[in-house]
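Asks: Chains U and G, in that order, are what the protein sequence lines are.
Mind the numbering: the first sequence is residues 1 to 454 in this note's numbering, read in order.
Mind the numbering: the second sequence is residues 1001 to 1365 in this note's numbering, read in order.
Note that these hints are calculated values from the structure, not bench results.
Accuracy of the hints is not assured; some may be wrong.
[What the hints assert, rightly or not] Where chain U lies over chain G, by a calculated footprint (3+ residues, C-beta under 8 Å):
1) 1023-1031
2) 1037-1047
3) 1216-1222
[To be verified] Facing chain G, according to a computed beta carbon distance under 10 Å, are these residues of chain U, among others:
4) S101
5) S105
6) E262
Beta carbons are placed, not taken as given, at the ideal position from N, Cα and C, and that holds for glycine.
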Amino acid sequence: MTHTMTVDTKLLWKNALSNIKTEVSIGNFVMLFRQTTLLEVNDTTATIAAPSAMVINLLQRHTPVIKKALSLAQVSIEHVVFVPKTIVHEENAPAGKQTSSPLFSPEPQKPLSLGHLPRVRQDYTFATLAVSASNQLAFVSAQTVADKPGTSYNPLFIYGPVGVGKTHLMQAIANAVYVHTPDAKIIYITSEEFTNEVVEAIRSNDTARMKRRFRSVNLLIIDDVQFIAGKDKVQEELFHTFNSLIDNGGQIVLSSDRPPSEIKKLEARLSSRFAGGLTVDIEPPDFEMRTAIVLKKAEQLHIPVSMDVAKAIAEKEQDTRSLEGALHRVITQSKTTGQEISLDLAEITLNEKRQKTNSLLHSEDIINSVCLFYNIKPTQLKGPKRDASLVKARQIAMYLLTKELGITLVEVGNILGGRDHTTVMHGVRKIEGFLVEKSRISEEIVGISKGLRG
Amino acid sequence: MKISFLSENLQKALALTNHAVSTKNQLPILSHVLLETREGKIYLSATDLEIGIETVIQGVIEEAGSATIPAKLFLELVNTLPAGKVSLVTQEGSVQIVGGKTKTTLQTVPPEEFPKLYERKGEKILSLPGKSLQNVLKRILFTASIESTRPALSGILFKRIELGFILVATDGYRLSLEKITTEEQAGFEGSIIIPAKLIKEVLSLREDAPIDVYVDGQQNQILVAQEETVFIGRLIDAEFPNYEKILPTDASTEITVDKDVLQRAVKTCAIFARETANIITLSIQKEKMSVSSKAPSLGENVVDVDMTLKGEENDIAFNARYLLDFLAVADTQDIRFEMTGPLNSGVFRLAGNASYLHLIMPIRV
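Next comes chain U alone, as it looks inside the complex:
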């Protein structure tokens, strides 16, 4: 017996049912009518499916009600015929609660390519990550974890400032585990998404499902875990997830912009657990590293970029994300103008961008940011004193004023309390020198620039 249910009969019956609902008792409606389906209506007869002879026997007593309801819906019929047949109503079928039956699910297919992992970029692998002294320890630990998830360092906690490749490293772990164990359950999630899931689970009163989801994985990666600070319920959930995963041999990888002990408003029990495995930091990339990153990215894009151009980009930008952006700008410029990627093209493109983005930036903003960062007053910065800490801040201000605003050395000198342009030149060179070799200063400059761009 096959029935083609047209939209018409479906809609008609829906309307009729809402009528019937007002005519019969709630018990009758729930036990009898809710299980019915209108299969067919012709000139004289309506055919209705109901699950069993018992139900039909009771339904037949309501034939007048059914006829009336149908006539109110502009369909007049003489007979109502019932057919015993179970029809599962799509809208009644519990969505998403289908019992899984792994026995009968097809053999897991070996994936041909990556990219099956949600939220994980498939090009973020160990091979595409540039390694130098600044991230070597983190790199090696991540590889170890990826080789033997759950058995070596658990949890692996990676911290470092923005744009040093934490996310790349974590997704590389996910991709590597996925390649050698395609049926491993892997969740990569940001702490914000995790928070959302917890909130949603509480809202929809379905925390059990969320617990099952997170506590059954082989590899759980949470990015930017510092954002759960101050969120008690989320921390509690993470705490239990954490324990049950570790107990069951699941691997956990976490990242943050600072070490666990420095995350404020983080429960002590969680903080100590975060630090209970291996905690590694990634320092901001030094100049060589930044150059290497540019070259590596260019290679991935199959665009030849010379060492000079890479150096020029590495000099201008501090964090990896901006490096990538700068590289893309240079490439786009070369494509739109039809010029080869040369040092000149790179410099022009990068300087243009600087002026554009900074047109709204005022010299006072820079001074304030520097002062805020080093905790000094603008008058001190502009003043005559030459304490070592003041001099460093002043030189950074000089550097930033020159690079960010593109104003002349004389102007910079005037802004900073009437200093000579040669002093300014010296300061800028000094910082440039530091930038090439000393990562600490560049880290500070990234921090200040971040403050500038809000």
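Fit chain G to the given chain U structure using the hints.
Replies: Leaving out everything else, chain G in the frame of chain U:
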């Protein structure tokens, strides 16, 4: 209507029909039992529209008729009556029940409101002695998933084969299968799925009388009868999973082990497995099998079990609950276990019952 019977007969019959009375029912009439006289017999019936139960009470009919009585209340009342004669007389809108020195008047609803449980029994597809059918069903039923949202998994497949049936149930993680042979060559072909809920009722029938199974495909109806007691349900209209393709054809490891010894070992390990999703490991070596479990916060335990091995050494992990479920229905002294690797389903068989097998999906550890 004016009838009388022995209170213990009424009690037994009511206890049975009350299985079909659901407290969650929203239709008032369904919380009642129907008492009626037909062809010189007193029938008692109840239904929750999923299952209907009808039985006969031995008694004396002085005046034919019918009455619907609140089922739970009726049983509670009858349970307190002294052994002996109970008489029941219908009056206008009520019924009077007299047992010993107790006289009770109960409100009733018109019997016409009660649904008719079935028109006809349908085609008889199977008839087996109560005990042997119940034994088979017991070994299968626990595997079906009564709460399943997948209709096919909430029933037992009866598939017609030459000279009998194959019965299969699965919940998606394990599967039970048993062949039964029948004497007569019924005309019925194909396969049906009978709700596990109905099968469960069949287990309450007597062991010493044959049980007959009737099907009416047109009415979507399954009916199981023993003498004058009848269970009526609806067939499950769904496609049963293709179980044949998951049955292993051979095994690289085969052991024979004493059921009680294995059951004790699994029970012990199950205590420690509570923390780790009930995972217990069977480690099969040449000399012995080690059943073990771990609780990270407590410790671990290992129970060595004697067994005889054919084939290679192997390891496999199962959910302890699944093993215990199977071991609880395994009714032979020795059981055989076959496997090919830690990732393939393990097959349990009963020594001396070639028609049965139980298959459990392993846990990957």
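Asks: Are there three or more residues in the stretch 1023-1031 of chain G whose C-beta lies within less than 8 Å of some C-beta in chain U?
Replies: That given contact holds, which follows from 5 residues of the stretch 1023-1031 of chain G lying within Cβ reach (below 8 Å) of chain U.
Asks: With 10 Å as the cut and Cβ atoms as the points, is U:E262 at the interface with chain G?
Replies: violated (30 Å)
Asks: Counting residues of the stretch 1216-1222 of chain G whose CB is closer than 8 Å to a CB in chain U, do you get three or more?
Replies: Answer holds; 4 residues pass the 8 Å Cβ test.
Asks: Please verify that hint: U:S101, Cβ, nearest Cβ of chain G, below 10 Å or not.
Replies: Holds, because the Cβ-Cβ distance from U:S101 to chain G comes to roughly 3 Å (cut-off 10 Å).
Asks: At a Cβ distance under 8 Å, does chain U reach at least three residues of the stretch 1037-1047 of chain G?
Replies: violated (count 1)
Asks: Against chain G, is U:S105 within 10 Å by beta-carbon distance?
Replies: For U:S105, the interface hint holds, since the closest Cβ of chain G sits about 9 Å away, which is under 10 Å.
The structure fails to meet hints 2, 6 from the earlier list, while all remaining hints are met.
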